[in-house]
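J.: If you want the building blocks of each chain, they are given just below.
There are 2 protein chains.
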Amino acid sequence: MKAYKIPEATVMRLSIYSRFLHQLMLEGSETVSSGEIAEGVGVSSAQVRKDLAYFGEFGTRGVGYKVDELYGYIMKILGLDRQWNAIIIGAGKLGSALALYQGFADRGFNIKAVLDINPQIIGARLDGIEVEALGKLAERVKEQAINIGVITVPASVAQEVTDQLIQAGVKAILNFSPRILKVPQDVVLRNVDLSVNLEVLSFNLALNHR
Amino acid sequence: MKAYKIPEATVMRLSIYSRFLHQLMLEGSETVSSGEIAEGVGVSSAQVRKDLAYFGEFGTRGVGYKVDELYGYIMKILGLDRQWNAIIIGAGKLGSALALYQGFADRGFNIKAVLDINPQIIGARLDGIEVEALGKLAERVKEQAINIGVITVPASVAQEVTDQLIQAGVKAILNFSPRILKVPQDVVLRNVDLSVNLEVLSFNLALNHR
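These protein sequence lines map, in sequence, to chains G and L.
For the first sequence, position 16 matches number 16 in the numbering used here, and the numbering has no gaps at all.
For the second sequence, position 97 matches number 97 in the numbering used here, and the numbering has no gaps at all.
Next comes chain G alone, as it looks inside the complex (with noise of 0.2 Å):
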């Protein structure tokens, strides 16, 4: 990876960000002040500012920013200027729900392919995608120009998996599975482990109990 470092909390930040953005073009604002974006996202207004300083000056002291530009400059830096292909690894019941959710294709994201080792799964459709075997990965990886591939197979399998991704020439893992996964260094791992986000809550519903 290169150099060029943002702190994760502030790429989710922009991501949420650019969604206020997107809701007041389809409004029809043409400007908005970082308090404006502060209050609309419940984010404090230094905090956005201080995000929005990661990629230089580009409001008007007194005017605020144009919604449009900064849209479309937020856009770029996340690489929402274009689509991104992936594919998804175990299509049990979080990988079939993660294939019909629409949230993913709107961003620019496309669930290309759905892979499992499931005969009686293998075959099923998921609105538009066919559910196919495992052995399938290295083909559709490369003949759908795969991005990204997500892993929502049981956490005995899921480095195994990671690993015929890697090989297949993938650079971006989503990991739901609650394994640690090892990815060379210029891959791209992000986790996503729904039961640790229930226990950090329980963590902290435990404190108020002691």
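Since the hints were made in silico from the structure, they are not lab data.
Every residue gets a Cβ at the ideal spot worked out from N, C-alpha and C, and that includes glycine.
Incorrect hints may appear among the rest.
Below, computed lysine-lysine pairings styled on DSBU-like, alpha-carbon distance capped at 30 Å [to be verified]: (1) L/K66 with G/K182; (2) L/K66 with G/K112; (3) G/K66 with G/K76; (4) G/K50 with G/K66; (5) L/K93 with L/K182; (6) G/K66 with L/K182; (7) G/K182 with L/K171.
Just so you have them, the derived chain L footprint on chain G, three or more residues with Cβ under 8 Å [said to hold, decoys possible]: (8) 15 to 25; (9) 37 to 48; (10) 161 to 170; (11) 187 to 193.
Ranges between beta-carbon positions, derived for each pair [unchecked claim]: (12) G/S33 with L/T60: 54 to 60 Å; (13) G/E30 with L/K50: 45 to 51 Å; (14) G/L26 with L/I117: 44 to 50 Å; (15) G/E69 with L/P154: 27 to 33 Å; (16) L/S33 with G/R125: 33 to 39 Å; (17) L/T60 with G/A53: 30 to 36 Å; (18) G/A46 with L/P184: 19 to 25 Å; (19) G/R125 with L/S45: 45 to 51 Å; (20) G/D163 with L/D68: 28 to 34 Å; (21) G/A133 with L/Q167: 45 to 51 Å; (22) L/E160 with G/G72: 29 to 35 Å; (23) G/D163 with L/P184: 42 to 48 Å.
Starting from the structure of chain G, add chain L where the hints point.
T.: Showing chain L alone in chain G's frame:
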């Protein structure tokens, strides 16, 4: 919330250590070193020692930790030495997948009710749970002693159902909608925006294309 402040990243790693320790217990291991934990979950051993040091010294130099003792301690810290009751608001694809997700029950999170406003979904069964009308919210929260509300409704109504949950007495919210929610100081909120996770990946992928 109390002042007992532990970084969220540490809490998330504790959650992962606990799974590894549980695996060791099943395999019959009695002691484990920080190096072995590190190797097993893929973080540095210095990080493991630092994380565990938040809770005082309880390893023995040269011997390591007693597996069952450390496991029990971490589970208690995480609030997983007890059961938690959750309600899911929104029985669309994501809400249904979460209701059926075995990983929650395995860690002591029991989905006690699933509500929706869509008449075509109300009455459907998700394993043992029947989807009920949103109007049942306050009644179900009280009757089932709900601790955690899980939000899987569209962004446009997410704040409204959150307010209803809080008014009914829920103190922890897991938010899957792409909306930044406002909650009182005494309510714990955790956001899981699935698209935002993909966007952190695309941000990093785009960096490598610049």
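J.: Hints first: check each against the structure and report whether it holds.
T.: Right, here's what the structure says about each hint:
Our distance criterion of 30 Å between C-alpha atoms is met by L/K66 and G/K182, whose separation comes to about 27 Å. Under the criterion of a C-alpha separation no larger than 30 Å, the hint pairing L/K66 with G/K112 is inconsistent with the structure, at around 47 Å. Distance check on the hinted pair: G/K66 and G/K76 sit about 15 Å apart at the alpha-carbon level, within 30 Å; holds. Simply put, G/K50 and G/K66 have alpha-carbon atoms about 17 Å apart, close enough for the 30 Å limit, and the pair holds.
Taking the CA atoms of L/K93 and L/K182, the gap is about 25 Å. The hint holds against a cut of 30 Å. Annotation: proposed proximity of G/K66 to L/K182 holds, straight-line Cα distance about 27 Å (limit 30 Å). Proximity of G/K182 to L/K171 is assessed by CA-CA distance (about 36 Å); at most 30 Å being required, the pair is judged violated. Three residues within the 8 Å Cβ limit are the bar, and the segment 15 to 25 of chain G against chain L gives 3, so the coverage statement holds.
Residues of the segment 37 to 48 of chain G lying with their CB closer than 8 Å to a CB of chain L number 3, which satisfies the three-residue condition for coverage. With a threshold of 8 Å between beta carbons, the proposed coverage of the segment 161 to 170 of chain G by chain L is violated, since 0 of its residues qualify and at least three are required. Here's how the segment 187 to 193 of chain G fares: 4 of its residues keep a CB closer than 8 Å to some CB of chain L, so the rule of at least three is met and the hint holds. Between G/S33 and L/T60, the C-beta spacing of about 58 Å keeps the proposed range 54 to 60 Å intact.
At about 49 Å, the beta-carbon gap between G/E30 and L/K50 stays in the expected band of 45 to 51 Å. The hinted window of 44 to 50 Å between G/L26 and L/I117 is violated, with their beta carbons roughly 24 Å apart. Checking the proposed 27 to 33 Å range against G/E69 and L/P154 shows it holds: the Cβ atoms sit about 28 Å from each other. For L/S33 and G/R125, the Cβ-Cβ distance of about 49 Å falls outside the hinted range of 33 to 39 Å, so the restraint is violated.
Evaluation of the 30 to 36 Å hint for L/T60 and G/A53 yields a failure: the beta carbon distance comes to about 49 Å. Our hint of 19 to 25 Å for G/A46 and L/P184 holds, since their Cβ atoms are close to 22 Å apart. Evaluation of the 45 to 51 Å hint for G/R125 and L/S45 yields a pass: the beta carbon distance comes to about 47 Å. Checked against the given bound of 28 to 34 Å, the beta carbons of G/D163 and L/D68, roughly 32 Å apart, stay inside it.
Distance hint check: the CB atoms of G/A133 and L/Q167 are about 49 Å apart, consistent with the given range 45 to 51 Å. Here the CB-CB span from L/E160 to G/G72 is close to 31 Å, well matched to the stated 29 to 35 Å. For G/D163 and L/P184, the Cβ-Cβ distance of about 46 Å falls inside the hinted range of 42 to 48 Å, so the restraint holds.
Checked against the numbered hints above, the structure violates hints 2, 7, 10, 14, 16, 17; every other hint is satisfied.
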